[in-house]
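With chain A held as given, fit chains B, C and D with the ligands onto it using these hints.
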Amino acid sequence: MHLELSGLTKSFGSLVANDHIDLVIEPGEIHCLLGENGAGKSTLMNMLYGLLQPDSGEIVIDGRKVTITSPSDAIKHGIGMVHQHFMLVPVFTVAENIMLGRENTHPGGVLDRKKANALVSELSERYGFEVDPEALVEDIPVGVQQRVEIIKALTNDASVLILDEPTAVLTPAEIDELIAVMRQLKENGTSIVFITHKLKEVKAIADKITVIRRGKVVGQAEPSATEEQLAELMVGRAVDLVVDKEPAQPQDAVLQVTGLTVIDERGFTAVDNVDLEVRAGEILAVAGVQGNGQTELAEALLGLTPIAAGSIKLSGAELTGKSTRHRLDAGIGYVPEDRGHDGFVGSFTVAENLVLDLFRKAPFGNGLALNTDEIDKNAHARVEEFDIRTQGIDLTVSSLSGGNQQKVVLARELSRPLKLLVASQPTRGVDVGSIEFLHGRIVRERDQGTAVLIVSTELDEIAALADRVAVMYRGKVVGVVPADTPRDELGLMMAGASKTEAHDVAIENPTTLGTI
Amino acid sequence: MSTATATPPVAKPERSGLPSWAIQGLVSVSAIVLALLVGAILIIVGDDEVNAAVKYFGAAPMDTISAAFSAVGEAYQALAVGAIGGITPISESLTQATPLICGGLAVSLAFRTGLFNIGAQGQLIMGAILAGYVGFAWHLPPVLHLIVAIVAGLIGGAIWGGMVGLLKARTGAHEVIVTIMLNYVAIYLLQWLLTTSTFQRPGRADPISPIVDANAQYPQFGDTRLHVGFLLALVAAVFVWWLLNKSTIGFELRAVGANADASKTAGMSVGRAYVVAMVVAGALAGLAGTQQVLGTDLPLTDGVAASVGFDAITVALLGRGTPLGTVLAGLLFGALNAGGLQMQLITQTPLTLTTVLQATIVLFVAAPALVRSIFRFLPKDRGAGAILAKGWNG
Amino acid sequence: MSDVTVQDTVPAAAPAAIEAPADRVRRLRVGGLMLVFALIGLGLAIFTKGGEATFQLVSGDLQNNLLGLPAQPVALLLGALGVLAAVAYVLRRVPQKYSGWLAIVLGVCFIGAFLCWAAAGKTFPLANQFQGTLNFATPLILGALAGVLCERAGVINIAIEGQFLVGAFTAAVVASTTGSAVAALIAAAVSGVLMALLLAVFSIKYLVNQVVLGVVLVVFATGITGFLFDQFLQEDAAKLNTPDVLSAVKIPGLGDIPFIGPILFNQTALVYLTYIAVAVVTFVLFQTRWGLRVRAVGEHPKAADTVGIRVKRVRYSAVLWAGVLAGLGGAFFTVGYAGSFTKEMTAGNGFIALAALIMGRWHPIGAMVAALFFGFATQLQSQLQIIQTPIPGELLLMAPYLATIIAVAGLVGRVRAPKADGEPYVTE
Amino acid sequence: ACGSKPTESGSTGGSDNKAFKACMVSDSGGFDDKSFNQTSYKGLQDAVKAKGLTEVKAESKSDNDYPTNMTAMVNAKCNVIISVGFKLEDATDDAATKNPDVKFAIVDSAPAKPIANVKPLGFNTAQSSFQAGYLAAAMSKSGKVGTFGGVKIPPVTIFMDGFAEGVKYYNKQKSKNVAVLGWDDVKQEGLFTGDFEDKAKGQNNAQNLITQGADIIFPVAGPAGLGGLQAAKASNGKVNAIWVDTDGCESAAEYCSVLLTSVKKGMDVAVQDAIVSVVDNKFDNSQFIGTLENGGTSLAPFHEFDSKIPAELKTELEQLKTDIVGGKITIESKAQPKAS
Ligand SMILES: Nc1ncnc2c1ncn2[C@@H]1O[C@H](COP(=O)(O)OP(=O)(O)OP(=O)(O)O)[C@@H](O)[C@H]1O
Ligand SMILES: Nc1ncnc2c1ncn2[C@@H]1O[C@H](COP(=O)(O)OP(=O)(O)OP(=O)(O)O)[C@@H](O)[C@H]1O
Ligand SMILES: [Mg+2]
Ligand SMILES: [Mg+2]
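Residue numbers (our numbering), protein chains in the order written: chain A, 19 to 534; chain B, 459 to 852; chain C, 692 to 1119; chain D, 77 to 416.
So that you can see chain A by itself, here it is in the shape it has in the complex:
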């Protein structure tokens, strides 16, 4: 299918998110869209899929102009989409999610669950995905959820498949699988629009690359371009992809975790007898596939999840039984993994969110009244310092793009003196320019003598930041390894292999991205 977007424009209020965008997708090509956070990539794709209506411009399919006013129009035209944010119903089973909208039924509209299960099994077999059709989506790890999303898109036999940041939550091995699937589809003539912030992936798979900046197409690039060149095109300036980092100068242990065990809501052991230590002036990265207990570990450190056994000490003082507020006051900074859910209050202004855990104390509050002048002053300073792209400090945070929302959270947490910074996925979904900046800030925090604990599923990030790496699998720490451990080896440990096992296997079976 030949797809042509011409002059597509979309504004939100006074913000022009897409400004006369032209784009051509040839049949059977993998077309990568690159751009900073908030550049307008998702907006463009949402218009193509009928979720947003363009203010002007047209969509032409195989020479015919079409109007797409709803996703069902898009589906009719052979367009499929995997959305940046999961479009899965958490309380439904995998099969229910996949059949939704195109249900096979017995007479009388009664669902044919057998057929749906069979379809899921068949697809997972065809593409080598492993999913249990009867599992509830909310119970499966995000990586598997992402597969469900992909299967959902594939069942439609789309001729154009849009993948909006599908790899953000996948392990290297899973990304490999996805890349294989994309190649397979391409061979069958499906065109793919692929959005990602990971330049390695772009280089590995793209046939064509289009770069968008601030709502406009700023250029095309060849897959042979270097990461630096791509980054520069995206951000509009030279980007340092490697964080400048002196070797760590670890001092006294700040965080000491012993025998920590957390049981989750469903009664499963999420964190299993974990011992960890983070020293002042070092960055310990916790690596692992999502869903292996890292989330619960971080939440336990902050007192958000009660612990079943073990002890957590901050500079020698026991934290168990203390409230979250106490821990924050004691000098822990926290960047939660799911920012939209836990990191900020969407309907609050940027200024308010920048003091979400600071508002009680001077200078922002005196225990009773808020000092709004100080709050605003603080907001201006942080917006400046962290280059938060907003039209004003009085705007709600929900109107910012994802990357900028993340900056708000980091700006807040880094704006007070810390002993320990716990940051989960600090740059998930963030563009390379922002990553450069955020990583720099985290390293600076380390150099000031803060103990830093990073939880990340992103091997790039781990490589860039970590002084030491602890790999978690099924709630246990399977090993603590030096930062320069090869990524394939880390990947294997994340899949449960021990340190030595991983070393041997990795040499025999290199992955695509591991070798780029």
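Certain hints may be false.
Unchecked claim - Subject to a maximum C-alpha distance of 27 Å in a straight line, what follows is the list of computed DSSO-like cross-link-like pairs (lysine-lysine):
1) K896(C) - K1110(C)
2) K379(A) - K704(B)
3) K133(A) - K993(C)
To be verified - Chain D is faced by these chain B residues, among others (derived, beta-carbon under 7 Å):
4) Q649
5) P665
6) D755
Claimed, not checked - Which residues of chain B face chain D? A partial, calculated answer using Cβ under 10 Å:
7) G540
8) W596
9) H597
10) T653
11) R659
12) A663
13) D664
14) Q750
15) T754
16) L756
17) A763
18) A796
19) G798
20) I804
21) Q806
22) L809
Honestly, the hints are just simulated from the structure, not real lab data. Note that the coordinates shown come from a computational prediction; the quantities given were computed from them, not determined experimentally. Glycine is no exception: its CB is placed at the ideal position from the N, C-alpha and C atoms.
Here is chains B, C and D with the ligands on its own, set in the frame of chain A:
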């Protein structure tokens, strides 16, 4: 590889026209007009003379029409006169508005914390019970007596509201269920108390308490029924405004109301916020209770709450959960109540019509898009719309 | 790829041997409450008077079908059993999976012991207890089902009370004027749908906050039925407000089952409709295409939209079907049971139905159980007022409401509404 | 369907006193409460018709409205103002003291100290309820009769007291053992719906009484009490009922077939008399207490049961009346209005 210069996002020109508050005002006025039209239809349908004239509509159609016009005209004239036609009507409207404002604030404040307080009725009753009891059973010096009685009322409401918050915080019990149930418990409690000699008027077996001491009554303005409680209602509105927008506690309440998870992550206690919000909300409803028993009713009866606790929900929602809005909505409802009494007196229009009018007004005010699709000249307001549009999950 | 990498997703971990702190808190809370009730039950048993407690097993002549039990021994036995159940619960003596049954055992024991205590030396009409439970619960079930349908689709329905009122009014008027029960039920359903249409249009199309809307529609319904009653029904009651009440029809076979037969299967058409409604709503919601879509738009409308489902259309259909149920529930108050219409005769039952639906966790069966629970408590207090117990009448009047609070706080705990419940769906 | 325009016709009946305003304020139950507001209002209408007066009425939505409505009536230049119910006591006394020229009457209440221009209208319905209890006891086949109330307040329990005492008297006279379910006049405990609106609840309460064996029901719960009549109707002749306040065969005609009789509380007559006394310049502030003697309370006709009630029983009921009036029978109920 081609390059292009980065351009900043283009700002689209703002839609010129009226400020947001003016547009909202216009929409509200239009909504009231629409509601009055609906009411007019009901008046016509129910009017005996119109019905008599309709029977010979073919013979003398003008009779029907003029009867209809005069029926509607007389009714609404009476409504207007009863609401704002002079000092006494205005004082009556303000008197009626007083408990509605406080009750409305009780609902608003909880709303902003993500709680649906359907229990203002019960909280008001508990406030009235305690305030009334202190008012007629204790005998204290002037001023002090009133203050003590008011405080008792606040405590009564606060306990009843606080229980809801506490149960929600400790056990997760849904506040909608608990408040509905506590409303019943409160009214049965009041009915029972009024059969005891402690609460009954000496020498009487009727369920009516003695009149509260003069010292414990809200002083009245001149010889109107308007009393100092009205000023307290305004003070309460200012207090709630300050609490929500200018205080650290309010910051916490709003944060919990908007996103409980993020608030928890930022070190706030969701449970504490629920308790605080419901205690304050209960106290506000309790204040409404004191206004009933120490301001207008004077003896305590089982009708002390009337339907104030439920009307308060509508008032709060009409006021979009903001203190100023709640005050305005309370004044409107108070005026309609006062005018409605006058309307039934003069044109014998049933009070149920006032109820219909109030419901229709809120319906139209809450749906600006509908009003706009009828009155097409109204400008669009970007800011308006889904305020308080939240589900059960907070 | 090697065999090590294959398993790179996380299979569900094994259930933990250690109890999660949240579970522990819950166990102690529920267990504590259970212990309190168990001890109260035992206490009542100890103070039970000697002699027989007589239970009437079939409604009708009070001399027949009696079961006499030695009050105190039975009460003691039940009381002890209750304590056992509570202790077993607190000490985790049964597998977690079955621990819920302990609460049920305790509940039954407590009520049994309580009844022995209350009925010692008297006759307690047990069959009538269930009969009355069903009477009270029928409109609540229909109302709660209406709520379930709406809210599963993401539209909060506080207006059940208003739909009841309008349904009751219409049914009474139509039954009086046409003399046809079928016409009355249809009219009630239609009027319920009209109220639902208001709810749907204003919430789905005009994005009015749904809680506001519900409350306002109740006020509106109260006003309009009151106004029409004042202006018309009052003046011409003989013609407009003398509906015939549906008569009970015994289902052959089923109606002859001992004990439950006469209670469940000698009822009016409306009650049978209620049974059917529970089954149908449950089935439709969880086993059909439409049900799947309804639940999808109530949980994650955008996800439904992205697979080509017309979110608003599904919501409209759910809310309107709910109107049918709520209208029928309203009809119960007039043609289904109590005859002529009187002002505000639904007396807050719509709000109780709302509570039942939340208490039943937005599930048709749960809502039914909650409605039956409330009906049981209300009927029990009425019967106890008649047989005269040492419990003051005023406390008995409050009892159903207190019992609901205790049940919600103690046993039900935190409930989770459909994720998008109350949120209008807007596209740009 | 268009007729011709009717011509003006002069007012009919009675003398013409259009300038005389007879006014009434309801309590928060409203004029359609099928109970005392409604009956009192009928009295107002009767007086207006009989004397050709002008009628003004004001319904109260809440307790808050009483002073407002009273003031409005005074301002409307009413000549006589009737307030209905004990809740209006304070507002009435207040208005009366401030407006000595206007005459007032209050139903079901009495000022603590007599006020020159306020006439209290009380009703000793225990007396006729006593008869009703006797009748019910005599007519019961099962030996059990039942009653229930709306809310436990004296205007309600007075009926239940009288009823229960009547049954006891019957038992004593006839050495029978008819039981009263739903009210224990000694302990003052019994069966209540908790409100006056929930008709279905009233019906369930009645049904529970029926299950316990009652075959005559005496509901004292306003509109909720109608549910009791419905329960009787649904029993297909097995159960009958006695209505209160008004003659049920008139106010709730659809239930006439199950009504043995009704305990009439003659508020209409009392109100009418009070108004007429003002029109005729014969007003005095002495308390009126409706009794069997003055007809202020009575048993309504038996209507459809007239032929089924034995003549002998009718005679006994007449005798009861004589004995109560003559003081041979004293009724204990504490809810009876006390002469002030
Ligand atoms: N519904 C909306 N209302 C208002 N502004 C919006 C809305 N959706 C997107 N925007 C704004 O439009 C711009 C483009 O957003 P978009 O989601 O397309 O960015 P993106 O390129 O996908 O970024 P990311 O890489 O962070 O996903 C951002 O500034 C965003 O804040
Ligand atoms: N994310 C949420 N959304 C909605 N309600 C919530 C949320 N989190 C908590 N709650 C409600 O608040 C209650 C209390 O939450 P919180 O976590 O503060 O409990 P707690 O820690 O036991 O209380 P406290 O901190 O006062 O001791 C919970 O039982 C729940 O009903
Ligand atoms: Mg995006
Ligand atoms: Mg907490």
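Here is what the structure says about each hint:
no.: 1; hint: K896(C) - K1110(C); verdict: holds, 20 Å
no.: 2; hint: K379(A) - K704(B); verdict: holds, 14 Å
no.: 3; hint: K133(A) - K993(C); verdict: holds, 25 Å
no.: 4; hint: Q649; verdict: holds, 6 Å
no.: 5; hint: P665; verdict: holds, 5 Å
no.: 6; hint: D755; verdict: holds, 5 Å
no.: 7; hint: G540; verdict: holds, 9 Å
no.: 8; hint: W596; verdict: violated, 20 Å
no.: 9; hint: H597; verdict: violated, 18 Å
no.: 10; hint: T653; verdict: holds, 6 Å
no.: 11; hint: R659; verdict: holds, 8 Å
no.: 12; hint: A663; verdict: holds, 4 Å
no.: 13; hint: D664; verdict: holds, 4 Å
no.: 14; hint: Q750; verdict: holds, 7 Å
no.: 15; hint: T754; verdict: holds, 5 Å
no.: 16; hint: L756; verdict: holds, 6 Å
no.: 17; hint: A763; verdict: holds, 8 Å
no.: 18; hint: A796; verdict: holds, 8 Å
no.: 19; hint: G798; verdict: holds, 8 Å
no.: 20; hint: I804; verdict: holds, 9 Å
no.: 21; hint: Q806; verdict: holds, 7 Å
no.: 22; hint: L809; verdict: holds, 5 Å
Checked against the numbered hints listed earlier, the structure breaks hints 8 and 9; every other hint is satisfied.
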